[in-house]
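Trainee: Build out the structure end to end from the sequences listed, making use of the hints.
Sequences listed follow chains A and B, in order.
Mapping of the first sequence onto my numbering: residues 1 to 189, in sequence order.
Mapping of the second sequence onto my numbering: residues 1001 to 1386, in sequence order.
FYI, nobody ran anything at the bench for these hints, they're computed from the structure.
Quick caveat: nothing in here was measured; it's all calculated off a predicted structure.
Glycine included, C-beta positions come from ideal geometry on N, C-alpha and C.
Among the hints, erroneous ones may be present.
Okay, the calculated bits of chain A under chain B, using three or more residues with CB under 8 Å as the criterion [stated by the list, open to error]: (1) 33 to 39; (2) 59 to 71; (3) 76 to 84.
With beta-carbon atoms standing in for the labels, derived distance ranges [claimed, not checked]: (4) B:I1358 - A:N110: 56 to 62 Å; (5) A:T104 - B:A1321: 47 to 53 Å; (6) B:F1319 - A:T104: 36 to 42 Å; (7) B:T1202 - A:E31: 29 to 35 Å; (8) B:R1278 - A:D152: 32 to 38 Å.
35 Å max Cα-Cα, derived DSBU-like pairs, lysine-lysine [said to hold, decoys possible]: (9) B:K1308 - A:K34; (10) B:K1308 - B:K1216; (11) A:K60 - B:K1216; (12) B:K1252 - A:K34; (13) A:K170 - B:K1371; (14) B:K1280 - A:K117; (15) B:K1243 - B:K1199; (16) B:K1227 - B:K1216; (17) B:K1151 - B:K1280; (18) A:K109 - A:K170; (19) B:K1216 - A:K34; (20) B:K1243 - A:K60; (21) A:K162 - A:K117; (22) A:K117 - B:K1340; (23) B:K1280 - B:K1227; (24) B:K1362 - A:K60; (25) A:K60 - A:K188; (26) A:K34 - A:K125.
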Amino acid sequence: MSKEIFEIRFHGRGGQGAKTAAALLAEAAIEQGKYVQSFPEYGAERQGAPVKAFTRISEKPIYLHSGVTNPNVVVVVDQTLLKSIPVTEGLDETGLLIVNTNDTAESVKNMVGFNGKIIIIDATKIALEELGRAITNTAMLGAVEKATNIVDFEALKSHMLKHFEYHLGKDLAEKNVNAFERAYNEVKV
Amino acid sequence: MTGAECTAEAMKQINPDVVAAYPITPQTNIMHSFSQFVADGIVDTDLVTVESEHSAMSACVGASASGARAMTATSANGLALMWEIVYIAASTRLPIVMNVVNRALSAPINIHCDHSDSMGCRDTGWIQIYSENGEEAYENTIMGVRIGEHKDVLLPVMVCQDGFITSHSVETVELLNDEIVKSFVGEHTGHYPLLDVDKPVTYGPLDLFDYYFEHKRQQVLAMENAKRVIREIFDEFGQITGKHYDFFEGYKLEDAEKVIVCANSSAGTIRVVVDELREKGEKVGLLKMRVFRPWLNDMIVEKLGKIKAVAVLDRSDSFGAFGGPLFSEIRSSFHEVKEKPNIIDYIYGLGGRELDIIQIKKVFNELEQVKNGNVGDRVRYLGVRE
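Mentor: Below, the structure written as structure tokens:
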């Protein structure tokens, strides 16, 4: 029923931008006339604590206001979560797991016991080289975009640029877009 | 945009004279966004940041009495701290509009959604309007200004939305353009403003056994008038937007046998379940409450009178009472009515406990028994470990 709605769950740690990634994807989809939802799951999180954020995208209005339990895609922004959080919960084998790791897909598979498709990207390396900081959300969005093509590439890129220009200034905005594009080009899907 | 941003957008377009707010937790992004509008000079509102919610409402009372259009926003324990002045605002007949992001009250400390905060204010004399999503919170805020300020009403209006589920969730929303909102809300001149020095008036004087009772009686009449005025404003808004709102809004009620009644964001999730069960041929429906105060007795009877089994979903409890506030109200509405549904209550979602599709299906499933006359426990708890 809810599969008319495309659902993504992001796992990250507070401060890595998982919530922003989920929102950026949704906002870019809005600009393409889609119906969306994006929301974080808050505890009393502080920097470094595990957080979840969700995006729903649909051609039709979304009335559902319950959490995402069976996502199409799970994105793990921080590889240290693989050991401590059941990241594949509710993800069936037709689903997609996208992980920020410097390890192999095989090793991720063994660690989480997921038999569906796993896509790996070393987003931390990209973020460190492009931004100088290990904030990996935009690089992860590059991998998500390549793997799912869920919103128009240019729309996502221009929305991202606009968002970060407003919040972080032109320089960091461009660096974030570079990280996004580089991950998009480097990820093997 | 998020529900909080939608609300801030409504406030921006309304451009109130005064907004007073406590700027720290449990304040939400409503004030975060609105204060940005003030800082950027997009609105010319006098934003008064105060040291507590008690002071926030006090400042709104002062501003409104002096003839200004005053607004504020709060949540949970912030509203609880305001309570004394919340009551005074209504009793002084000041049309303040306050957005409440519904969140649980401490203790234990919790930041997530339930309706304990606004339901705790149900007898303060405020008009209460509930919103399913950010777009409705936006619209209800705009309409709320007109409703409260109407000369036959002159009461404050509380516009509620679900904490986090709505306030922090980015959704697709349709907004009106600035000019439409500006002309819809119009200018506010104030009624008997304190600052009109040529016609001096007194607000909030001592009022003992001589006239206090009459003033309370007038408040009751104002609420009575609000029933008519709210409908007029809904109609006027509907002519502009094409969206026709009501005190209670039915979904697939016509031939329904089993119906859930609820407020705020849960209505959306229940609608999805209604659609799914309808496809399987089950005669199920939904009644969403938009306006809780004033309460429209006759309309509840009209909407639910022919239904066989009704489950009310209360996202707050009334300790020691027989069921939650919404249930008590609905059950009481049917007291003198001969033909009525079997009505049960579910307390759910306290402290942000998720209401999922499985739970909603469970409710419809249990209503099957109720429909057949096997009512069982009238008051039940949904999604709690016991």
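Trainee: Does each hint fit the structure? Answer for all of them.
Mentor: Evaluation of the provided hints:
For a cut-off of 8 Å, the count of residues in the stretch 33 to 39 of chain A with a CB near a CB of chain B stands at 6, and the three-residue condition holds. Under a criterion of three residues with beta carbons nearer than 8 Å to beta carbons of chain B, the stated coverage of the stretch 59 to 71 of chain A is upheld, 8 such residues being counted. With 0 residues carrying a beta carbon less than 8 Å from a beta carbon of chain B, the stretch 76 to 84 of chain A misses the three-residue requirement, and the given coverage is violated. Take I1358 of chain B and N110 of chain A: their Cβ atoms lie about 32 Å apart, and the range 56 to 62 Å is violated.
With their beta carbons about 60 Å apart, T104 of chain A and A1321 of chain B fall outside the hinted range of 47 to 53 Å. At about 56 Å, the beta-carbon gap between F1319 of chain B and T104 of chain A misses the expected band of 36 to 42 Å. In this structure, T1202 of chain B and E31 of chain A break the distance hint of 29 to 35 Å, their C-beta atoms being roughly 54 Å apart. Distance hint for R1278 of chain B and D152 of chain A: a CB-CB separation of about 35 Å, consistent with the stated range 32 to 38 Å.
The suggested pairing of K1308 of chain B with K34 of chain A is violated, with an alpha-carbon distance near 39 Å, which exceeds 35 Å. A threshold of 35 Å between alpha carbons decides the hint, and for K1308 of chain B with K1216 of chain B the separation of about 38 Å lies outside it, so the pair is violated. Taking the CA atoms of K60 of chain A and K1216 of chain B, the gap is about 48 Å. The hint is violated against a cut of 35 Å. Distance restraint check for K1252 of chain B and K34 of chain A: the Cα-Cα separation of roughly 26 Å lies within the 35 Å cut-off, and the hinted pair is therefore satisfied.
A hinted pair counts as satisfied when its Cα atoms are at most 35 Å apart, and K170 of chain A with K1371 of chain B does not qualify at roughly 63 Å. Only pairs whose Cα atoms come within 35 Å are accepted, and K1280 of chain B paired with K117 of chain A is accepted, the gap being roughly 34 Å. Straight-line distance between C-alpha atoms of K1243 of chain B and K1199 of chain B comes to about 42 Å, which puts the hinted pair past the 35 Å bound. About 17 Å separates the Cα atoms of K1227 of chain B and K1216 of chain B, which keeps this hinted pair within 35 Å; it holds.
A C-alpha spacing of about 50 Å is found between K1151 of chain B and K1280 of chain B, which places the hinted pair above 35 Å, so the restraint is violated. At most 35 Å may separate the alpha-carbon atoms for a hinted pair to count; K109 of chain A and K170 of chain A exceed this at roughly 39 Å. For the suggested pair K1216 of chain B and K34 of chain A, the alpha carbons sit about 50 Å apart, so the restraint of at most 35 Å is broken. Using a Cα cut-off of 35 Å, the hinted pair K1243 of chain B and K60 of chain A holds, with the two alpha carbons roughly 18 Å apart.
Straight-line distance between C-alpha atoms of K162 of chain A and K117 of chain A comes to about 32 Å, which keeps the hinted pair within the 35 Å bound. For the given pair, K117 of chain A sits about 55 Å from K1340 of chain B by alpha-carbon distance, which is inconsistent with the 35 Å threshold. In summary, the hint linking K1280 of chain B to K1227 of chain B is not supported, as the alpha carbons are separated by about 38 Å, beyond the 35 Å threshold. Distance check on the hinted pair: K1362 of chain B and K60 of chain A sit about 26 Å apart at the alpha-carbon level, within 35 Å; holds.
At roughly 31 Å between alpha-carbon atoms, K60 of chain A and K188 of chain A fall within 35 Å of each other, so this suggested pair holds. A distance of roughly 33 Å separates the Cα atoms of K34 of chain A and K125 of chain A; the hinted pair therefore holds under the 35 Å criterion.
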